[in-house]
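> These are the residues of each chain, in order.
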Amino acid sequence: MDENASARLIRRTLTVGHRVGLFLAMLVICLPGIWIVLSSLRPTVEIMAKPPVWIPQQLSFDAYVAMFSGIGKGGIPVLDYFRNSLIISVTSTVIAVAIGMAGGYAFARYRFRGKSGMFLGLMLTRTVPGIAMSLPLFFVCARLGIIDTHFGMILAYVALNIPFTIWLIDGFFRQVPKDLAEAAQIDGCTRWQAFWQVEFPLARPGIASAAIFAFLTCWNEFALASQLTRSVNSKTLPVGLLDYTAEFTIDWRGMCALAVVMIIPALTLTYIVQKHLVGGLTSGAVKG
Amino acid sequence: MKGFKPSAPILLLLPAFVVLAAVVLVPLLLSLYSSFTPFRLTRPETFFVLIGFRNYISILSNPDFWWAFGRTVLLLTIALNLEMLLGLGLAMLVEKATRGQRILRTLMMFPMMFSPILVGFQFKFMFNDNIGLVNNALQSLGITQDAIPWLIESHLAFTAITIAEVWSSTSIFAILILAGLLAMPKEPIEAARVDGCTPWQTFRYVTWPFVMPFAYIAMTIRSLDVARAYDIVKIMTDGGPAGRTELLWTLVGRTAYSDARMGLANAMAYFSILLSIAFTVYFYNKLAAARAQIGAEW
Numbered sequence: 001m002d003e004n005a006s007a008r009l010i011r012r013t014l015t016v017g018h019r020v021g022l023f024l025a026m027l028v029i030c031l032p033g034i035w036i037v038l039s040s041l042r043p044t045v046e047i048m049a050k051p052p053v054w055i056p057q058q059l060s061f062d063a064y065v066a067m068f069s070g071i072g073k074g075g076i077p078v079l080d081y082f083r084n085s086l087i088i089s090v091t092s093t094v095i096a097v098a099i100g101m102a103g104g105y106a107f108a109r110y111r112f113r114g115k116s117g118m119f120l121g122l123m124l125t126r127t128v129p130g131i132a133m134s135l136p137l138f139f140v141c142a143r144l145g146i147i148d149t150h151f152g153m154i155l156a157y158v159a160l161n162i163p164f165t166i167w168l169i170d171g172f173f174r175q176v177p178k179d180l181a182e183a184a185q186i187d188g189c190t191r192w193q194a195f196w197q198v199e200f201p202l203a204r205p206g207i208a209s210a211a212i213f214a215f216l217t218c219w220n221e222f223a224l225a226s227q228l229t230r231s232v233n234s235k236t237l238p239v240g241l242l243d244y245t246a247e248f249t250i251d252w253r254g255m256c257a258l259a260v261v262m263i264i265p266a267l268t269l270t271y272i273v274q275k276h277l278v279g280g281l282t283s284g285a286v287k288g
Numbered sequence: 289m290k291g292f293k294p295s296a297p298i299l300l301l302l303p304a305f306v307v308l309a310a311v312v313l314v315p316l317l318l319s320l321y322s323s324f325t326p327f328r329l330t331r332p333e334t335f336f337v338l339i340g341f342r343n344y345i346s347i348l349s350n351p352d353f354w355w356a357f358g359r360t361v362l363l364l365t366i367a368l369n370l371e372m373l374l375g376l377g378l379a380m381l382v383e384k385a386t387r388g389q390r391i392l393r394t395l396m397m398f399p400m401m402f403s404p405i406l407v408g409f410q411f412k413f414m415f416n417d418n419i420g421l422v423n424n425a426l427q428s429l430g431i432t433q434d435a436i437p438w439l440i441e442s443h444l445a446f447t448a449i450t451i452a453e454v455w456s457s458t459s460i461f462a463i464l465i466l467a468g469l470l471a472m473p474k475e476p477i478e479a480a481r482v483d484g485c486t487p488w489q490t491f492r493y494v495t496w497p498f499v500m501p502f503a504y505i506a507m508t509i510r511s512l513d514v515a516r517a518y519d520i521v522k523i524m525t526d527g528g529p530a531g532r533t534e535l536l537w538t539l540v541g542r543t544a545y546s547d548a549r550m551g552l553a554n555a556m557a558y559f560s561i562l563l564s565i566a567f568t569v570y571f572y573n574k575l576a577a578a579r580a581q582i583g584a585e586w
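Residue numbers (my numbering), protein chains in the order written: chain A, 1 to 288; chain B, 289 to 586.
Calculated directly from the structure, the hints in this document are not laboratory data. We put the beta carbon where it would ideally sit given N, CA and C, even for glycine. A couple of the hints might just be wrong.
[Stated by the list, open to error] Below are the DSBU-like pairs computed for lysine-lysine, each with C-alpha atoms no more than 30 Å apart in a straight line:
hint : chain 1 : residue 1 : chain 2 : residue 2
1    : A       : K178      : B       : K574
2    : B       : K574      : A       : K115
3    : A       : K178      : B       : K474
4    : B       : K474      : B       : K384
5    : B       : K384      : B       : K574
[As the list claims (entries may be wrong)] One-sided excerpt, in silico: chain A residues whose CB lies under 7 Å from chain B:
hint : residue
6    : A25
7    : G103
8    : A106
9    : G117
10   : G121
11   : T125
12   : R126
13   : L137
14   : V158
15   : A159
16   : I162
17   : P238
18   : W252
[What the hints assert, rightly or not] Stretch-level coverage of chain A by chain B, calculated; a stretch enters the list once three of its residues show a Cβ under 8 Å from a Cβ in chain B:
hint : region
19   : 10-24
20   : 35-47
21   : 50-57
22   : 215-227
23   : 259-273
Same shape as in the complex, but just chain B (with noise of 0.2 Å):
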């Protein structure tokens, strides 16, 4: 091997490969590998029966499986994009502020350093039908006499999990979009006003698309970590009433520790994951796409 030098990237970039290639990429090929065995955790010789695609089979059809994999979806288009229009506004809203900026920000940020799983907690706490303070307030308002069941009736408890999602979340879209807002030239808007564009105008063909690329990156974050509904689903309702509220991540953990198959729980956590770099990826393209588009304008 004399006269071999790898360059100066590739050795600057290999203790992260390392790292990513033994507790990432490995454990990965090991569950791909143990997706096609029975495997059990409590009897660790089905470890090397091959069973084909039988573990594939019998999730796709699942009922079970295939609700959990559509409420995933539900959740995280109605997540992202309620989040993305209070961002939005919340950033808008901010900018406009004339004064007490630096603490308007620092308070935007607040629910960014709770942990999903206090998050979890939290609205596990303030919508618990009988102490909890939603239902607390209704009640002392006069607008309902009864105990909500926030957390037991299916549509309100997927009501609930949305709430929490998207009140954890929302900071993350306002904190970049305001930053695209703050770092754009001011001189086009004066331009298109002193042309005669109505507000409205103004904001879709001027400032949105500067802010667009912003956007993007905050989705390109979230979808990132989209999985940390997982802890606020775990502690709310634990995929209750009756697997209501099941998300495809709930029901991974559950039938991998609970049922202990983790064959067949390897198998639907190749689902989630191909989900996951889905949502990645789509976004990672919008992004390039918006970046390549305000290029030239920069």
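Bound conformation, chain A alone (with noise of 0.2 Å):
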């Protein structure tokens, strides 16, 4: 064998190989989120069947038919469940957003004392774990009298979430030049109308990546929702999940369900968001 064709040799099965090991990661990934949906698509006899049947004999809607019709028809009270979730999170979302800005603005453009200092202490209170952060919330809510209602959710989850979107929308700020507002402000704008004119609107696509990690964290979080939340009033949905498990038993087939309906706004929002997310941790951590 000559030199030649056995280098074609080594190439070819190197590109086997990648296409292989990418094949595989990729199932990896992938796989336990498609079983969740073909498990809420198949009677709860086939999930349970031992041995067990891997092609479904049918396919039905039941599961999120009775999910939907409400208690008392064998669903749990997802509607009420899904409103908490979305008011909690757009809510919290839109403030958290709102003063990221300004404190994203202050650490991109302003010089002043103990900034760094200052960063690094934002994102330490971001580190607090949910559950050692939910006890003294929870006993401070308790005494407000704001606990199971959205008001103490949507504070919990501002707080929550401020850090990582300074964080965020720090670094966008930090890719628009800073002689374009200068710019801007020479031909007669105030610093007000310059960051309106200019710099808002070439961060835009930014502060919407933000705006979504933002409410996707809202949307996800467990460990303040499990303890703030009591509830039809304020329950959210990862909380309702709990609602399909009994003491001894789980109801595999409303869970799976109910977790598809969770995740596909979840899935719908990271596709949008993916480009720029990347670009923003980046960015900002750095170039410096």
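Each of the two chains sits in its own frame; use the hints to bring them together as a complex.
If you want it as structure tokens, here you go:
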């Protein structure tokens, strides 16, 4: 075998190996999700079957119908949970982004004493584990009588999101050249106008991503929500998942169906946000 | 106060500080105080009794606490290292792909969309000894006849939790390292190849230093919410069997809400907070160092 042929063979083997590796990796990543979707569509008998039924014999939307038909018909108050989740997530996202824009702009555009220390300090408030945070917060909320209300949850989630929102938005404002706003000011804009006319439109895609990220954090949060919510007044979807568990049994099919309902908005939003998200996380942190 | 004018950045940061002070700082101070009391939720009057460091002494002399602490550190060490390695591998696989980059990148981010509690349920379902996907597959393939008690035997349960944790967080590393690989200039690699570096040397001395800051960003972000593992463990095993997968966070939750011993739980919570802060500060410093290192070259 001459040298050319063997080099070609090695290259082809490497390409095939790469394809196979990529395929296997993607399979491992996607399999759990596919399995959940599949399980939500097949009857409980098939899920429980022994030996296992790999190919579903019949697909049905019974689990979804049961879930949305309300209490008493084998369902849980999903619509209430969904509404709570939506109200709490959207409101706290809007507030967190507004505060985050102010903070991010301050970090990106001004020099002041103790700046990096302050930045790290902000980050550290985010490291407090949800469960450790929930103890004192539970106590304070109980005292103020805002436990099991939307207000209490929104307040907690705003605080949860501010540090990360500031990090992201800081990164996006750094990407906007300083000169542009300065040019606008020389042309007669006030700083306020320069911000809204020049810098904000340029940073808008990034800020939208920060918003989506904040929304997802609220949408998925469990440790705080499980302690600060009590009833259909404020329970969110992640806490609602627990409704499908009884002491010794779990309604897997119903749970899978609810999981799919939870994942679809998250999936759509993450798809929209993916490109900007990485840009924002890395630009501020790498280029300093 | 005439003539006092706060500077613009302070004014801009004020709302953030106010909210964080109200929701994070004040409750934390309160919990610091209550960690010095024998406070029980069921008996409010105990909130005003000071007992000094007795809570701290009792947790420090409690072997269960130290087991949970050690287990938490072990889980984080294993999980973070695995996530880093797998993330790096995944990022390099995807970067090499010639077609379908966009779809691959989206698929890669798939686990990031799962709420940790969902990850917990999903893996509890898959690792179920009777009807779980994993056991079904192993039995159908004839690898084993018996149902492997994934979530019931203590070492297997720990393994299962680690797998769930790694599955859910590898994509954060992968996506950020991929960003690093894509942002990297191509000339140094070509120069290294022309100079006769082996692929391994090229990777070790050219690619890796460039990608490192991105890996540390991922580490910093991950260390911001290492406590995600709480949700996963809470659902998958709830600390069982017999406390063998109990982590610091599940122990705090159990002491506080099941035993209603808030004072004791707050003392433990402070340890978990210190642990998280230590992780974050460590990686933040590493990030700064890595940034300074490539700063000159960029």
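> Interface hint check: A/A106, Cβ to nearest Cβ on chain B, cutoff 7 Å. Holds or violated?
holds, 4 Å
> Would you check whether A/G103 satisfies its interface hint, that is, whether its CB is within less than 7 Å of any CB in chain B?
This hint holds: A/G103 lies near chain B, its Cβ roughly 4 Å from the closest one there, short of 7 Å.
> Would you check chain B against the region 259-273 of chain A, counting CB to CB pairs closer than 8 Å, and say if three or more residues qualify?
Satisfied; 7 residues make the cut.
> Does the region 10-24 of chain A contain three or more residues whose Cβ lies closer than 8 Å to a Cβ of chain B?
holds (count 3)
> Was the hint right that A/I162 lines chain B, CB cutoff 7 Å?
A/I162 check passes; min Cβ-Cβ to chain B is 5 Å, inside 7 Å.
> Any CB of chain B closer than 7 Å to the CB of A/G121?
violated, 9 Å
> Tell me if A/G117 is really an interface residue toward chain B, meaning its C-beta lies closer than 7 Å to one of theirs.
violated, 11 Å
> Go check the region 35-47 of chain A versus chain B for me, would you? Three or more residues, Cβ under 8 Å, otherwise it fails.
As far as the region 35-47 of chain A goes, the hint holds, because 4 residues have Cβ atoms under 8 Å from chain B.
> How does the coverage statement for the region 50-57 of chain A fare against chain B, requiring three or more residues with Cβ below 8 Å from a Cβ of that chain?
holds (count 4)
> Is A/K178 close enough to B/K574, meaning Cα to Cα at most 30 Å?
holds, 28 Å
> Going by Cβ atoms only, is A/V158 closer than 7 Å to chain B?
The hint holds - A/V158 has a Cβ within 7 Å of chain B, the shortest such distance being about 6 Å.
> Quick check on A/R126 please, does its C-beta sit within 7 Å of some C-beta on chain B?
holds, 5 Å
Hints 9, 10 from the earlier list are contradicted by this structure; the remaining hints agree with it.
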